[in-house]
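Starting from the structure of chain S, add chains A, Y and B where the hints point.
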Amino acid sequence: MSMKTEPFVVNIGPQHPSTHGVFRMRLTLDGERIIDADMVIGYLHRSMEKLAEERSYTQNIPFTDRTDYVAAMTGNLAYVLAVEKLCGIEPPERASWLRVIMSELQRFASHSMAVGVFANDCGTWQTPVMHMFREREKILDLFEMACGARLTTNYMRIGGVSRDVPPEFRPALRKLLDELPMRMGEYEDLLLENEIIVARSRGIGVLTPEVAINCSLSGPMLRGSGVAWDIRKADPYCVYDKLEFDICVGTDGDAYDRFLVRLAEMRQSIHILEQCLEMMPEGPVHSQITTATAQPGGQPSAPLTIRVPAGEAYGRIESPRGELGFYIVSDGGPAPYRFHIRSPSYINLTPLRELAIGATVADAIVILGSIDIVVGEIDR
Amino acid sequence: MPFLAKWYDLRDLGNAVGAFLDWIRDLGGPDWIPYVVSGLIGIVAILLWLLVSQLAFIWIERRVIGRMQARIGPNRVGPWGLLQPIADALKLLLKEAITNRYADKPLFWLGPVLIFIPALVVFAVIPFGEGMSLADLNVGVLFVIAITSINSIAIFISGWASNNKFALLGSMRAIAMLISYELVQAFALLGVVIFAGSMRLGDIVAWQSEFNTWMFLLQPLALVAFLIASAVEINRSPMDISEAESEIVAGYHTEYSGIKFGFFYAAEYFAGFAVSAIVVTLFLGGWTAFGLERWVPGWLIFLSKLYLVFFLFIWTRGTLPRLRIDQLMAFSWKFLLELLFIHILVVGAEVLIWHEGDYPAVVVLPIFAVINWTLAVALVVGWATFMGHLRPERRAKRAVLTQELGATYFRPAGGHGTGPMGEA
Amino acid sequence: MTTVLSGFDLAHRLQPKLPDAVVDATPDWAEVKPNRLLEVCTFLRDDPELDFRFLSSLTGVDLLDHFEVVYHLLSISRNQAATLKVPCEDHDNPEAPSVVSVWRGAHLQEREAFDLLGIRFQGHPDLRRIFLWEGFAGHPLRKDWLNFPGGEMAGLERYPGEPGGKLEGRG
Amino acid sequence: MEDTGSIVAFWLLAALTLGSALAVVLIRDLIRAVVLLITSFLGVAGLYITLSADFVAVVQVLIYVGAISVLMLFAIMLTPRAGRNNAETFFRIPGILLAGLMAFTISLVSLDTDWAVVERGGFEETASAIGEALLDKYVLPFELAAVLLLVAMLGAILLVHPEGTDEE
Chain S
1 MSMKTEPFVV NIGPQHPSTH GVFRMRLTLD GERIIDADMV IGYLHRSMEK
51 LAEERSYTQN IPFTDRTDYV AAMTGNLAYV LAVEKLCGIE PPERASWLRV
101 IMSELQRFAS HSMAVGVFAN DCGTWQTPVM HMFREREKIL DLFEMACGAR
151 LTTNYMRIGG VSRDVPPEFR PALRKLLDEL PMRMGEYEDL LLENEIIVAR
201 SRGIGVLTPE VAINCSLSGP MLRGSGVAWD IRKADPYCVY DKLEFDICVG
251 TDGDAYDRFL VRLAEMRQSI HILEQCLEMM PEGPVHSQIT TATAQPGGQP
301 SAPLTIRVPA GEAYGRIESP RGELGFYIVS DGGPAPYRFH IRSPSYINLT
351 PLRELAIGAT VADAIVILGS IDIVVGEIDR
Chain A
1 MPFLAKWYDL RDLGNAVGAF LDWIRDLGGP DWIPYVVSGL IGIVAILLWL
51 LVSQLAFIWI ERRVIGRMQA RIGPNRVGPW GLLQPIADAL KLLLKEAITN
101 RYADKPLFWL GPVLIFIPAL VVFAVIPFGE GMSLADLNVG VLFVIAITSI
151 NSIAIFISGW ASNNKFALLG SMRAIAMLIS YELVQAFALL GVVIFAGSMR
201 LGDIVAWQSE FNTWMFLLQP LALVAFLIAS AVEINRSPMD ISEAESEIVA
251 GYHTEYSGIK FGFFYAAEYF AGFAVSAIVV TLFLGGWTAF GLERWVPGWL
301 IFLSKLYLVF FLFIWTRGTL PRLRIDQLMA FSWKFLLELL FIHILVVGAE
351 VLIWHEGDYP AVVVLPIFAV INWTLAVALV VGWATFMGHL RPERRAKRAV
401 LTQELGATYF RPAGGHGTGP MGEA
Chain Y
1 MTTVLSGFDL AHRLQPKLPD AVVDATPDWA EVKPNRLLEV CTFLRDDPEL
51 DFRFLSSLTG VDLLDHFEVV YHLLSISRNQ AATLKVPCED HDNPEAPSVV
101 SVWRGAHLQE REAFDLLGIR FQGHPDLRRI FLWEGFAGHP LRKDWLNFPG
151 GEMAGLERYP GEPGGKLEGR G
Chain B
1 MEDTGSIVAF WLLAALTLGS ALAVVLIRDL IRAVVLLITS FLGVAGLYIT
51 LSADFVAVVQ VLIYVGAISV LMLFAIMLTP RAGRNNAETF FRIPGILLAG
101 LMAFTISLVS LDTDWAVVER GGFEETASAI GEALLDKYVL PFELAAVLLL
151 VAMLGAILLV HPEGTDEE
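Listed in order, the protein sequences are those of chains S, A, Y and B.
Using my numbering, read the first sequence as starting at 1 and increasing by one per residue.
Using my numbering, read the second sequence as starting at 1 and increasing by one per residue.
Using my numbering, read the third sequence as starting at 1 and increasing by one per residue.
Using my numbering, read the fourth sequence as starting at 1 and increasing by one per residue.
To be clear, the hints were calculated from the coordinates, so they are not data collected in a lab.
Treat the hints with caution; some may be incorrect.
To be clear about the criterion: a stretch of chain Y counts as covered by chain S if any three or more of its residues have a C-beta under 8 Å from a C-beta of chain S, and this derived list gives those stretches [unchecked claim]:
| id | region |
| --- | --- |
| 1 | 46 to 55 |
| 2 | 101 to 114 |
Think about it this way: if two alpha-carbon atoms lie no more than 27 Å apart in a straight line, the pair counts; the simulated DSSO-like pairs of lysine-lysine are [claimed, not checked]:
| id | chain 1 | residue 1 | chain 2 | residue 2 |
| --- | --- | --- | --- | --- |
| 3 | A | K397 | A | K334 |
| 4 | S | K50 | Y | K143 |
| 5 | S | K85 | Y | K143 |
Quick list of the computed label-pair ranges, beta carbon to beta carbon [what the hints assert, rightly or not]:
| id | chain 1 | residue 1 | chain 2 | residue 2 | range |
| --- | --- | --- | --- | --- | --- |
| 6 | S | E186 | A | I342 | 33 to 41 Å |
| 7 | Y | S101 | S | D331 | 27 to 35 Å |
| 8 | Y | S101 | S | E195 | 39 to 47 Å |
| 9 | A | D358 | B | M102 | 47 to 55 Å |
Computed from a prediction, not measured in an experiment: that's the story for all the values here.
Even for Gly, the Cβ is constructed at its ideal location relative to N, Cα and C.
If we strip away everything but chain S, and leave its shape as in the complex, we get (with noise of 0.2 Å):
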């Protein structure tokens, strides 16, 4: 005789409070077992693929922005970095230079809030994610002081950047840097070591190195599965090449091993950053500056629209959330003929099904939050 129970259909999502936005997964449950997952997205899908197809090369830059909201700076450098491979433009190297330094800033801003949320996902009540936002909102407020902007920060321009940082922008870094290290330490010996965190997601969501790399999973999703592998270091860009940094890989494979990387990942930024701030040369940070209209602080401004080459490229980078590609392909037109994003967050659920099956609710939701979605980049 065995016990029969019914099988019990339950959304979480698309408004759930551990979604991260309008993600939703539509399980089975047996009891608190879950015997099937489904994810049903699209809720935020605005077609940018379609939408940039008659945009300009340089007005696309800020739907850039809004794929990855928690991460704009890397979105803008994926896809200008993948405009310039097309046309061919090199960047000056200040530019170079400053766009390492806000994509780190950026790296260490998504994994603070990844971080964060993960812990919020284990079942703190918001406590973390406060202190991880502490943090962020400081990297926002130089976000700001370079660019205005603070969440979709449209800074990097074909070509170079938007605009030099002030001169205030030094010494805030400077200091943000020196408080980081300690902060870091907080919360390696607050979260990593909490006993009820490693009981929550030891061995949860366990992914071995062939299936994540069979899944096309990136990111520090594919390095807590032990392999090591970083685009930045397998094909630097920008200035990656001359700053010295480890790859941080888990041994096991689970959720807290993604977890694990992501912490090592926000001091290893912490480092570069360092570095980038002795190395900085000074110099112009656009390419071409031609039809300068003069703005008020007397910077001249990057052009606003460009003639891209027949041709077809595909650049990527290492996002916060994994690799970040853009597929554009031109016919020599003002706009991309296709504009295609390889979103890291949308492959990476590859295995969601898999990994939900035969855990309990309370786990996919630590599974959820270790593979680190947001839902822009998801749906596009």
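Relative to the frame of chain S, chains A, Y and B by itself:
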């Protein structure tokens, strides 16, 4: 205790009540009038005190957790945001209490009402001070356990009646947790009863006062177990599994809004106070404090202890993550209960030795305290080592830093398998 | 630095094993026949010298008269990348073999390409719409998709497979 | 039963107990039936209190309200299609007959018994008396009951344990 027994002696509020009752008695009338009046006074006093404390603690909790979370907390309504709880209460009163169409309406209505009962009724047996208890029952401890178990029925009813899947999951979890932790609660209190030799709460306080000790000094394990079990019973973090916000939205009260939600919100505080009151009475010496009660009103001592214990619940809420339901239940069945069995055996033996040998308490009690503390620490540490630190898959670790691109570092600590590992 | 294998290089490597698979090769990509795609992909994945075990990106491009599916491949152990293309000749009803059996990472990306471009991937285990709802008219990333045919009428349907029509459970 | 208070309490509690017990039988909705059953249990506990049996009253609440009914709720939740409704059953007539028979027997016995009228006392300590009786005079039935329950529990576990699965 040398009480003045004048009505203005605030060290025992019973004096004032007694004076008032005498006055009524002097007016004449049937015998039961003073009896009923004294009961009513007690009920009204407890209710008023609960309401005021609750309003105060809404503010305190929000401010304290605000500080813990590196933010300010409510500071707009009134000075330092002091009127925030009143604003909250008004908001809850004015909001529409939506009943979903397929809810089981009588039960949906009954849930929030029923959830108040255990939290309030428990206070009937709590001695707030010398002689200051509404009904000092013979079987006080048992009464407390019995009444708090009703809590989960209220939770179940509201979860089921909501006709909401999250609510149903929440109530399923609540019932499962109740079954696991009721025994723990009973066993934790059993040790206290064995020592004090009475189930009357007043006697237990008197026992602690007589031997100049607090029960938790003698039975630390019981206190810890009771605190954990009551945190489960009243759904406070880290055991707020039946209303786990990040998993099942709000658990059993997902569908409740307006004042019906306000009932749950208030009952959460009341239950918290009730549990703190039990902890204070049984483990922390109640309204006595090593002779301090001669100078300071006993009820003040009691209340300050109660608030301190309640603060503990706020503190854990601000800091700890949440366990999974199977881990929590395994913790009860596979750990706490076993430890408590050992504890009860040891405590029983101690009491037997004490009474048979007729040793003086001054000699015996410190020895017992040392034995019990050693036992508690050894058991907990032993279990933690055995279940946690000796097992690599339970240990915290740090990321591997490498420069070697494309290499694989996959070496799972806890064997293979993709399934989640329960608390084995 | 990631080495990029040119299309010629790919074609050269594929030549001995699958001589007739490659139709076209340029410095940037190699184009293979749809019916040989699975063999090519399996070869690219399993060949120890190529070792393209990581499918970076899969997408489709509407080239007005036909569709093209583009695969960006990556080898983690050898740190090299390559681009593969497959034409889908029938513009009205494009079809391509699914590579989910080779790379599971293609699962969601093929669903996306199906949803937005209407390319049917033969052999995909669960080819459903993903961003748009079932019942959405047309595939919006096609160049000939300019607006909702017949106005914005697309009806909101319930989750596929769920019992009942629009109003069940709402009273 | 000398003062009015006790009499009023008795009649109220008796009405509550019997009324809700009747409703348990008549009502179709399972969950409501359990809730009413809990009310009935509480009424019985109240009756115990009027008999100065405070220990038994509290134990009634603890065991029947806190444990037995929770088990019933659990059973209802675990039943496939617990639904809202209790269907018609063939056992209706035999059930009524059996209940009538039992009521008849109990009334007969209670009327026939020569009740010893005890003077109404206060709430004296009954717990220790019960404890001593259980562990002294009636220790064998007590222990036997415990063993019986254990065996029943093991049997239940064995029955529902799915074959071939060995839990961690």
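Cross-check of the supplied hints:
1. 46 to 55: holds (count 3)
2. 101 to 114: holds (count 8)
3. A:K397 / A:K334: holds (26 Å)
4. S:K50 / Y:K143: holds (9 Å)
5. S:K85 / Y:K143: holds (25 Å)
6. S:E186 / A:I342: 33 to 41 Å: Distance hint for E186 (chain S), I342 (chain A) holds at roughly 38 Å.
7. Y:S101 / S:D331: 27 to 35 Å: holds (34 Å)
8. Y:S101 / S:E195: 39 to 47 Å: Given about 42 Å between the Cβ atoms, the range holds.
9. A:D358 / B:M102: 47 to 55 Å: For M102 (chain B) against D358 (chain A), whose Cβ atoms are near 53 Å apart, the range 47 to 55 Å holds.
Violated hints: none; the structure is consistent with every hint.
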